[in-house]
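Chemist: Sequence:
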Amino acid sequence: MASFIRELAKNRVMFLMIAPALLFFALFSYIPMIGVYYAFTNYSFDGGLFGSPFVGFDNFRFLFESGQLVTLTRNTVLYNLVFILLGNSLQLICAIFLAELPGKLFKKTTQSVMFLPYFISFVLVGAFVLNLFSSENGVVPTLLEQLGFPPYDFYMHTAPWKYIIVFFHVWKGLGYGTVIYLAAIMSIGDEYYEAAKIDGANIFQRVRRITIPMLVPTFILLILLSLGGILKGQFDLFYQIVGQNGMLFDSTDIIDTYVYRSLAVNFDIGMGTAAGLFQSLFGLILVLGVNYIIRKTNEDYALF
Numbered sequence: 064m065a066s067f068i069r070e071l072a073k074n075r076v077m078f079l080m081i082a083p084a085l086l087f088f089a090l091f092s093y094i095p096m097i098g099v100y101y102a103f104t105n106y107s108f109d110g111g112l113f114g115s116p117f118v119g120f121d122n123f124r125f126l127f128e129s130g131q132l133v134t135l136t137r138n139t140v141l142y143n144l145v146f147i148l149l150g151n152s153l154q155l156i157c158a159i160f161l162a163e164l165p166g167k168l169f170k171k172t173t174q175s176v177m178f179l180p181y182f183i184s185f186v187l188v189g190a191f192v193l194n195l196f197s198s199e200n201g202v203v204p205t206l207l208e209q210l211g212f213p214p215y216d217f218y219m220h221t222a223p224w225k226y227i228i229v230f231f232h233v234w235k236g237l238g239y240g241t242v243i244y245l246a247a248i249m250s251i252g253d254e255y256y257e258a259a260k261i262d263g264a265n266i267f268q269r270v271r272r273i274t275i276p277m278l279v280p281t282f283i284l285l286i287l288l289s290l291g292g293i294l295k296g297q298f299d300l301f302y303q304i305v306g307q308n309g310m311l312f313d314s315t316d317i318i319d320t321y322v323y324r325s326l327a328v329n330f331d332i333g334m335g336t337a338a339g340l341f342q343s344l345f346g347l348i349l350v351l352g353v354n355y356i357i358r359k360t361n362e363d364y365a366l367f
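According to our numbering, the sequence shown is numbered sequentially starting from 64.
Be aware that a few hints might be false.
Calculated pairs, DSS-like style, for lysine-lysine (alpha carbon to alpha carbon, straight line, at most 30 angstroms) [claimed, not checked]: (1) K225 to K235; (2) K167 to K260; (3) K171 to K260.
In short, the hints are calculated from the structure, not lab data. Predicted, not measured: the structure shown is a model, and the values here were computed from it.
Full structure from sequences and hints, please.
Modeler: Have a look at this one:
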């Protein structure tokens, strides 16, 4: 304790600089963890947090026995795996193309246009989807009918929505991720490319032998950071596109939308907290496991 006080006095300016961050995480991350107790209670508004009946693992048992948790976990994990792998791959490819394009004006204009969807609200994205696929006056059903196809109600069939959701998620985040990879490409020293040109390497060889290997650490880092939230689906995306359409829940319902309905619609706080706690623990175990494997493979690429 005495050594800590001496260290505090010696580096008081440094401790003051990190104090706001520590206070933020204490107030909004650690103190709210008391609410985890909801997952083990049959919550009632009269009893409150500690006055509600303690039910142990009954909320978790119901989730597993009802089969809901299996479906929710499957949908959440599969969607996020596609979001992470496909999104990062396309962002990496677009960044390489932009880096190799000639002309600064065209490159900057393209980069700005690609970045714009990131700032569009998911509410507007939901409106776009509704106007595209609505059975009444949607663009796609109307076009299909004019081409001679039988009427097709997108909001009554689950099959197309896997691709619709993935497309709009990738489209919205493509520009933002591309900028991250583009910044990493710009940090690569020109001497590597100059040496490759002298050795006779063409543009494809330079990309394959220099750009991609140099981007591997960034790619792995972003993948690892994304894996931490693999069970935290894009609630805004799913809720604004699918909404409360129960016909599509089998292929579009994720843990976040289930927790929302449990809290806002069914007022089942214990069940919603149990699902959220499972979500967090699964993400923690996944990050620790993947980081351990990467550290054993190449320690320089690991987070810790």
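Chemist: Next step is simple, just say for each hint if it's right about the structure.
Modeler: Do the hints match the structure? See the list:
no.: 1; hint: K225 to K235; result: holds, 16 angstroms
no.: 2; hint: K167 to K260; result: holds, 21 angstroms
no.: 3; hint: K171 to K260; result: holds, 25 angstroms
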